[in-house]
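Asks: Given next are the chains, with one letter for each unit.
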Amino acid sequence: MIGMFRNREKRFNLLITLVLLALSIFFILPLYWTAVFATRTLNEVFQFPPPLWFGDNIVQNYKNIEAVFPPFRPILNSLIVAVPKTLGLVLVSALAGYGLARYTRAPGHKMILVVTFATLFFPPSLALIPFFLQMNALGWLNTYWPLIIPALASGFGVVWMYTYIGSTVPKELYEASEMDGAKGLSTFFFVVLPIIRPGLAALSVWTLISTWNDFQIPLVVLSDGSKFTVPLALTTLSTTHYSDMPAVMLATLMGLVPVFILFGLLSRQFIAGLTAGSVK
Amino acid sequence: MASGHAGKTLHRMRRDNAFYLAVAPFLLVFLVFSVFPVIFSLYLGFNRWDGFSDPQWVGFENYARALRDPVFQKAIGNTIFMWFWSTVLTVLLALVIAVLVNDYVAFGKSYFRMVFLLPLLVAPAIAAIVLRMFFSANGGIVNLLSGAMSGTPSYFDWLGSEAWIKPLVVLLVIWRWTGWYIIIFMAALQSIPRDIYEAARMDGVGRWAIFSRITLPLLLPAIAFATITATLGGLQMFDEPYVLTQGMGGTNNSATTLGMYLFATAFTRLNFGLGSAVSWYIFAAVVILTLVYQAGLKRLRGATA
Chain A
1 MIGMFRNREK RFNLLITLVL LALSIFFILP LYWTAVFATR TLNEVFQFPP
51 PLWFGDNIVQ NYKNIEAVFP PFRPILNSLI VAVPKTLGLV LVSALAGYGL
101 ARYTRAPGHK MILVVTFATL FFPPSLALIP FFLQMNALGW LNTYWPLIIP
151 ALASGFGVVW MYTYIGSTVP KELYEASEMD GAKGLSTFFF VVLPIIRPGL
201 AALSVWTLIS TWNDFQIPLV VLSDGSKFTV PLALTTLSTT HYSDMPAVML
251 ATLMGLVPVF ILFGLLSRQF IAGLTAGSVK
Chain B
1 MASGHAGKTL HRMRRDNAFY LAVAPFLLVF LVFSVFPVIF SLYLGFNRWD
51 GFSDPQWVGF ENYARALRDP VFQKAIGNTI FMWFWSTVLT VLLALVIAVL
101 VNDYVAFGKS YFRMVFLLPL LVAPAIAAIV LRMFFSANGG IVNLLSGAMS
151 GTPSYFDWLG SEAWIKPLVV LLVIWRWTGW YIIIFMAALQ SIPRDIYEAA
201 RMDGVGRWAI FSRITLPLLL PAIAFATITA TLGGLQMFDE PYVLTQGMGG
251 TNNSATTLGM YLFATAFTRL NFGLGSAVSW YIFAAVVILT LVYQAGLKRL
301 RGATA
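As you go down the protein sequences, you meet chains A and B in turn. For the first sequence, my numbering begins at 1 and goes up steadily by one. For the second sequence, my numbering begins at 1 and goes up steadily by one.
Since the hints were made in silico from the structure, they are not lab data. Hints should not be assumed to be uniformly reliable.
Footprint (simulated), chain A over chain B, 3 or more residues, beta carbon under 8 Å [claimed, not checked]:
1. 10-23
2. 98-109
3. 137-146
4. 183-189
Here are the simulated BS3-like pairs of lysine-lysine, each with C-alpha atoms no more than 27 Å apart in a straight line [as the list claims (entries may be wrong)]:
5. K110(A) / K109(B)
6. K8(B) / K183(A)
7. K110(A) / K10(A)
8. K109(B) / K10(A)
Keep in mind that this is a model prediction, so the values were computed, not measured. We treat Cβ as the ideally placed atom computed from N, Cα and C, and that holds for glycine.
Produce the entire structure from the sequences given, and follow the hints as far as they go.
Replies: This is the structure we're talking about:
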């Protein structure tokens with residue numbers, strides 16, 4: 001009797017697994033097909049049944065893109081934006097998160113904390129227009145500054161570091177460090193920073209990937225095609241060279257590779273960053 | 001006494017001076033590039049301004065004008081459609097997948113944990129490019145497939161269709177975002193102690209009852225978080241419809257969202273006042289829905305406790 005029940009349960013679980021497997025194909029097929037089409041000729045892409053395995057036309061497709069735009073340029077541009085922004089954002093957030101986690105009785109602490117949490121519910125579109133005008137007034141339009149400097153203050157980053165530091169750095173450590181005569185921010189730089197390295201890594205991956213994918217603000221700020229970041233450049237390419245699908249797919253694939261490499265190396269940290277907001 | 005209080009505060013501030021040093025970089029950038037623009041946008045909303053001539057005070061005219069504009073009205077409807085369906089379907093699908101992967105999957109658990117996340121790495125704009133390719137009228141893979149199945153070649157213009165463009169945006173959101181909510185729900189599921197399930201099973205409680213009476217109530221905070229996040233994104237949706245319709249909003253503005261309306265008003269028609277007014281409408285919608293969710297959550301919690 002119990003054996004039969006177990007068996008039924010097993011069959012049910014197997015069925016569920018197969019259904020999920022089919023569902024998961026829907027989620028990866030677009031990515032897989034992008035990669036396959038990038039290696040095929042224009043004729044092969046329009047055939048039926050569509051190709052399911054890689055072809056040998058990747059070099060020609062690459063030459064086709066290269067003829068119309070420098071394929072590594074947008075990747076370089078995205079790196080120029082994403083790397084300094086990430087380093088700065090993580091440092092600024094860690095500092096503020098440390099201040100908020102440690103000095104809970106400093107005057108003004110509560111207000112700053114509440115405001116920081118409140119920013120999480122602020123739609124960024126509220127600031128879009130004045131932000132553009134501000135960048136115009138500063139003469140920063142069509143430069144990378146608007147994508148880097150204002151982004152250093154991230155409510156999400158501060159909340160994330162505040163929570164992380166609060167849960168990983170024991171209060172006694174501050175007292176011990178103070179006994180040793182630490183002054184100002186030296187505790188942060190010499191004691192706290194080395195401890196919170198996993199948290200810094202998680203916030204970094206998360207910031208790098210979301211910066212890589214940013215579209216609206218670069219669209220508003222950048223006008224010179226040679227300065228376009230990956231999503232902007234690809235959007236333009238896909239409208240101007242719409243007919244050459246394999247070439248566009250290859251360019252798309254190239255724009256995705258850096259993110260996938262990063263994810264492959266640091267998926268654990270990325271996932272930690274995803275759940276950070278929900279666990280309070 | 002007042003001066004004594006102030007003196008104490010001053011003393012504390014001096015003692016905790018490192019606090020101010022630590023939060024200063026964040027606060028400075030935040031004040032200059034976030035607080036100031038938001039306040040300025042409030043001012044802009046009451047003015048007519050093209051960015052060149054002097055701003056002209058018009059009171060609530062921008063707010064009234066937006067409401068009278070048929071394109072704005074259409075954008076409200078479109079945004080509600082996309083926000084509602086993308087939020088409901090994404091959260092629901094993620095919930096089902098998370099529970100199934102967590103409790104019922106026979107093999108390949110780590111595969112399932114990873115695979116739904118991959119679309120999240122793809123920029124919404126890039127995902128829209130890929131979707132455009134698949135749904136293009138001439139030789140798009142979807143038309144190829146449907147043509148092969150029906151026997152006659154199909155050249156249906158999915159992206160130009162008023163009926164299909166919104167569901168396509170929703171499909172794009174589902175594809176890209178479901179993985180995130182799965183991760184959030186899985187984290188919440190993992191924090192539920194296993195012996196609760198064991199005990200319930202011992203007592204002969206069925207699968208559905210376990211899910212609806214134990215799992216679901218314990219997942220409520222995570223569901224609320226997911227719904228609020230999806231709503232924040234849904235009400236401001238821009239990248240997906242913008243790239244899918246190549247910035248045009250689709251046939252007869254059938255995919256123009258509030259975010260796109262704001263963008264076009266400000267950056268193509270250079271009407272910064274009207275655009276700012278629209279951004280405050282979006283803000284109001286976010287605030288109202290967040291409050292509604294919180295009230296709903298409180299009521300649900302009261303009902304299950």
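Asks: Against each hint, give a clear statement of whether it holds in the structure.
Replies: Quick rundown of the hints versus the structure:
Under the rule that three or more residues need a Cβ within less than 8 Å of chain A, the assignment of the region 10-23 of chain B holds, with 10 such residues. Check result for the region 98-109 of chain B against chain A: holds, 7 residues qualifying (beta carbon to beta carbon below 8 Å, three or more required). Check on the region 137-146 of chain B: 4 of its residues sit with their Cβ under 8 Å from a Cβ of chain A, so the three-residue criterion for coverage holds. With a cut-off of 8 Å between beta carbons, the region 183-189 of chain B has 4 residues touching chain A; three or more are needed, and the interface restraint holds.
Only pairs whose Cα atoms come within 27 Å are accepted, and K110(A) paired with K109(B) is rejected, the gap being roughly 43 Å. Our distance criterion of 27 Å between C-alpha atoms is met by K8(B) and K183(A), whose separation comes to about 21 Å. Under the criterion of a C-alpha separation no larger than 27 Å, the hint pairing K110(A) with K10(A) is inconsistent with the structure, at around 53 Å. Of the supplied pair hints, the one linking K109(B) and K10(A) holds, its CA atoms being roughly 15 Å apart against a limit of 27 Å.
Hints 5 and 7, counting from the list given before, are not met by this structure.
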